[in-house]
Amino acid sequence: MVSFSLQIFFLIGILFYFAAIFYLLKSKVLNLKYALMWLFSGAIMAVIVVFPIILKKFSVLVGISTPSNALFAAIIFFILLILMSLTSIISGLNEKNNKLTQSLGLLEKRVRELEKEL
Amino acid sequence: MNAVITQHSKILVIIPACNEELNIKRVIDNLRKEAPEADYIIINDCSKDKTREVCRNNGLNYIDLPVNLGIGGGVQAGYQYALEKGYSIAIQHDGDGQHDPAYIKDVVSPIIDGKADIVIGSRFVNGEGFQSSYFRRLGINLLSSLIELCCGVRVKDVTSGYRGVNRKFIEIYAAEYAQDYPEPEAIISGAMYGAKIMEVPVVMHERTGGTSSISAWKSIYYMIKVSLAIIIYRPTLRRRYQ
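These protein sequence lines map, in sequence, to chains A and B. Under my numbering, read the first sequence as residues 462 to 579, first letter to last. Under my numbering, read the second sequence as residues 120 to 361, first letter to last.
Chain A with its partners taken away, still in its complex shape (with noise of 0.2 Å):
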């Protein structure tokens, strides 16, 4: 079982986690957007050091020797989970550079020869 100094010790730890996404949320350099799978994840990993035992219910289900190991497949998935999401919020990204990069060529080609005109 874990013991409580190391539970506490991890609460602080999920605190400070929290409390660096809410000064990026504040100081505007982070979406709401974006940040909400951030804190989806900080609230599953409060609630599992708070109550342990469902961490040793999931390594029992799925057949994981030690809870331990369960932590770290769980992180390593939700990681995975987030990564992936960064990579499409990039592609999306790219997509629309490549339209505002395309009108703007064409734009900066019809203002050049209406200046040609005047």
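Hint data in this document are derived by calculation from the structure and do not stem from the laboratory. Virtual Cβ for every residue (Gly too), placed ideally from N, Cα, C. Heads up, a few of these hints could be off.
Below, computed lysine to aspartate or glutamate pairings styled on EDC-like, alpha-carbon distance capped at 20 Å [what the hints assert, rightly or not]:
1. A:LYS557 <-> B:ASP299
2. A:LYS560 <-> B:ASP232
3. A:LYS560 <-> B:GLU295
4. A:LYS560 <-> B:ASP183
5. B:LYS204 <-> A:GLU556
6. B:LYS167 <-> A:GLU569
7. B:LYS169 <-> A:GLU569
8. B:LYS204 <-> A:GLU576
9. A:LYS560 <-> B:GLU290
10. B:LYS315 <-> B:ASP232
11. A:LYS560 <-> B:GLU304
Sample of chain B residues at the chain A side, in silico, Cβ under 10 Å [to be verified]:
12. GLY193
13. GLY233
14. LEU257
Fit chain B to the supplied structure of chain A, relying on the hints for placement.
The following block gives chain B in isolation, referenced to the frame of chain A:
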């Protein structure tokens, strides 16, 4: 090109150019001499050299992209221009001197006759002129077979950037066009939209200046990437153009 062709169609030659200050003037001079009936547009894809100055000082018709998009995004800007200006046929023609504008009439005439929607100028139909290195040909053959396997169109020179399309595909390509290594993917998307694709023989030259967009180092990565793109293209197709 005969008078009938010019009467019926407005033809635009799209010339993507990235760092082609040494070639672009000569390419346009050749084009005007060989195909005076066709209009042209140079897409200066944020060149780091003096391509833009060469275009401006010689009074060439050009679009200046403020950010480098790569060949796909550049050519797509050309299709958007063709759409905006109401051209009925668009020809892609490289700005590095590899393509000979004398073949524009060969690329155009099947489209005018209604025999094809997309025409690809191919080095390998007659096997004349610059044929590329052995390994590159091997790679092109592999991609060609893969495309035939995946979507049933037989095109020998799948990486040829010398091609022409009719109005329908100007509209489609203006709305969606593959970005990174677009030549093989554009063939598949054409096939998926039901294009009649035809190959006509052209003679290509070895490039005379500038650097190819595909260096030898990147060839293997290119093969893997394009093969994957071809395989997953059909199951993931989402039609944006209606």
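Evaluated hints:
1. A threshold of 20 Å between alpha carbons decides the hint, and for A:LYS557 with B:ASP299 the separation of about 15 Å falls inside it, so the pair holds.
2. Pair hint A:LYS560 plus B:ASP232 does not hold up; C-alpha atoms about 33 Å apart against a cutoff of 20 Å.
3. Taking the CA atoms of A:LYS560 and B:GLU295, the gap is about 10 Å. The hint holds against a cut of 20 Å.
4. Distance check on the hinted pair: A:LYS560 and B:ASP183 sit about 14 Å apart at the alpha-carbon level, within 20 Å; holds.
5. For the proposed pair B:LYS204 and A:GLU556, the alpha carbon gap of about 24 Å is over 20 Å, so the pair is violated.
6. Restraint check for B:LYS167 and A:GLU569: the C-alpha separation of about 18 Å stays at or below 20 Å, so the hint holds.
7. Restraint check: the Cα-Cα separation between B:LYS169 and A:GLU569 comes to about 18 Å, which is no more than 20 Å; the hinted pair holds.
8. Between the alpha carbons of B:LYS204 and A:GLU576 the distance comes to roughly 19 Å, so the proposed pair stays at or under 20 Å and holds.
9. For the proposed pair A:LYS560 and B:GLU290, the alpha carbon gap of about 15 Å is at most 20 Å, so the pair holds.
10. Restraint check for B:LYS315 and B:ASP232: satisfied, since their Cα atoms lie roughly 12 Å apart, inside the 20 Å limit.
11. Of the supplied pair hints, the one linking A:LYS560 and B:GLU304 holds, its CA atoms being roughly 19 Å apart against a limit of 20 Å.
12. Taking 10 Å as the C-beta contact cut-off toward chain A, the hint placing B:GLY193 at the interface holds, the least distance being around 9 Å.
13. Violation of the interface hint for B:GLY233 is found here, the shortest Cβ-Cβ separation to chain A being roughly 30 Å, above the 10 Å cut-off.
14. Contact between B:LEU257 and chain A, as hinted, is not supported at the beta carbon level, the nearest pair being about 31 Å apart and thus beyond 10 Å.
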